[in-house]
Amino acid sequence: MKADVPGGGGGSGLGEAAMVPVRLLMGAIDAPLRWVQRRLGIGGMATFFLMPNMLIFGIFVLLPFFINFAYSMTGGTALFLPDRSFVGAEQYQRLFDCANYTDPNSCAEDTFWTAVGNTTWFVLLQVSLMILFSLVTALILNRDLLARSFWRAVFFFPVLLSPVVVGLIWKWILQRQGLLNFGLYSLGLEPHTWLNDRNWSFAATVGVSIWAHMGFYTLILLAGLQAIPKDLYEAAEMDGTRPARAFWRITLPLLMPNLLVVVVLVLIRAVQIFDEVYVLTGGGPGTSTLYLTQYIYETGFATQLRNPGLAAAASILMGVVLVILTLVQLGLGRKGENKGGRK
Amino acid sequence: MSRVAEFIFRRRGRNGWHWTDIVTWAWLIGGLFIMFGPAVWLVGSSFKSPAALAEFPPTIMPYVTQKATIEGYDKPLDLYEVTMPDGSKKVLAEVRRIGIVAQMVAPDKPTEIVKVKIAERTPVRTMSFATSNYSEPFTHFDFVRYLWNSVFVTVTATLITLIVNSMAAFALSKYEFRGRTFAMLLILATLMVPLSVIMVPLYSIVSALGLFNNLWGVILPTVATPTGVFILRQYMLTIPDELIDAARMDKASEWQIYWRIILPLTAPALAVLAIFSVVWRWNDFLWPLIVLSRKELYTLQVGLSIYSGELNVQWHFILAMTVVTMIPVVLVFIFLQRFITTGIAGTGLK
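Line order of the protein sequences matches chains A and B. Counting with our numbering, you get residues 109 to 451 for the letters of the first sequence. Counting with our numbering, you get residues 10 to 359 for the letters of the second sequence.
Some hints here could point you the wrong way.
[Said to hold, decoys possible] Dumping the calculated SDA-like pairs for lysine to any residue here, alpha-carbon to alpha-carbon at most 25 Å:
| no. | chain 1 | residue 1 | chain 2 | residue 2 |
| --- | --- | --- | --- | --- |
| 1 | B | K183 | A | L148 |
| 2 | B | K126 | B | R105 |
| 3 | B | K183 | A | F156 |
| 4 | B | K183 | A | M162 |
Because the hints were derived from the structure by calculation, they are not lab data. Remember, predicted model here, so these are calculated numbers, not experimental data.
Could you build the full structure based on these sequences and the hints that come with them?
Next up, the structure:
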């Protein structure tokens, strides 16, 4: 076997032409790299291939991850770590300085606890509804449907939209003269300023985030449903098992590994909710839709008296929650694989 | 024909509709409206003039009141169809309106003012697409610049992602070396370190490197994606090692093996990662919002959110710009959706 496998798989003439400079470049790189290979040996080339990724990764992910702890123990408004004064656990003390954790007004850092409370409610409501809707949709798409891939695409469509576009689409629909109020008006009902109302704007953030991401989880659950062997259902039918019973006894237990993974994925994303909400409500009215990531963003960057130390401390607390959730997910994923349920 | 109908309305109940059939079709049709409706409404609204946007109740299609320039009046006047006292209908132009009575003139007799009760007239409406919503942002605003910034960030970040991630995946799948497991674990561990957790220190590092207010400050932190390494490595593991051994015997360098054997064979996985990367980078919002504070550097997403957050929102421009921002993703959806859905179903990663 010779080493000259054609690159790119022989596309059109234009594609071939575009590849010429790339080919020349790669050929030119080859000579110095042969020298490097002679110096490092074949095993050393592994390090060479790994290096760019590890370098970027180290600078932009690992380094910030570690100095985040240092940040959370410094005070002041200075940006760079050497200019900041060490304050120990003061930022954490400030975050946890609370007479009653369920009442943000009794806390030193009241917006943090408002954000924690809001995020908790958001997560509880959004995760359960998201699972419900995506499970029902997946079950329906798993039926013997005409044009199933079309229907699957219908529910998947919003997943690709940018959060900013999602936020703007719904801001436009929910505004005072928007489509929703038009619908109510035509039914003879009272229009409402949805996004100026504390409860409705909270509900809107839950609903819009479900609308935007439901298709993604539906897809994972659908893949899980399709992996369940059909003969199980045929056997159940021959035994005269009622469909409802087949659902509880066959579908749900066999789907459980996928379902658990989806629950954790939804949880992880829900805890970090920011983009759509920031565009849709901006955290308002008041602080009714202020969630954790927005609190961190505003404390660290957007307010006049920014406090990077406090933002870092809050982000570490959020990180702890996310790490726990991710570990649960990895554990569940492994368990699912061991059961042999997935291919 | 009845065969076709039977196929379309395949049901569970042998005779008549089982309740699950009704639920299924209600859910699907409802889903069609709820999932596509908002985007369709957005596109429809984006062609309306500011006056049409302010109307309540809104119309589905963009209608405007027809205007006419009449001798003796500076501005074009709105045209109305008026029911005259004798029952005939006539098109008149409104000069001014006082309470429930309007002063109107006939276009052919500009001097003769007719008083009409407003209940006895309806505006003359024609359909009109306000394409200026699209053309004006391209000429008057920094919109072209935002578009260019977004394209630059998306294309550059995707290219770097593909090269850097595929090199790392090659090393992690085809070489035995000390620390391989450690490196793999390290990469997977970053799945636990999302942007929202490290944004404060990341901002200081990007600033220290002089990349604040620089598009490279948006690009670089995003390119070492654990997901990308993971997808590519899984795929490369399926490439037989014999190919590489044979190439080595033919005196191919390691770089040639990577470039001329591994990369072409990994093309399907690279395509999936490229599609994902384009969508991710095009849609990125929080990080560009932090790094870019100068107007001329905004990406589309940042520019849109800033304009829509202004006190006096110019909705007609915002809607049109939102549609433009949507276009690349909709194209991906139409042509490449299959790759994405199989990619997600296969790896469970986004």
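We went through each hint and held it up to the structure:
For a cut-off of 25 Å, the pair hint linking B/K183 to A/L148 stands: about 17 Å separates their Cα positions. About 12 Å separates the Cα atoms of B/K126 and B/R105, which keeps this hinted pair within 25 Å; it holds. For the hint pairing B/K183 with A/F156, the CA-to-CA distance comes to about 13 Å; that is within 25 Å, so the pair holds. Restraint check for B/K183 and A/M162: satisfied, since their Cα atoms lie roughly 17 Å apart, inside the 25 Å limit.
Going down the numbered hints, you'll see the structure goes against none, and every one checks out.
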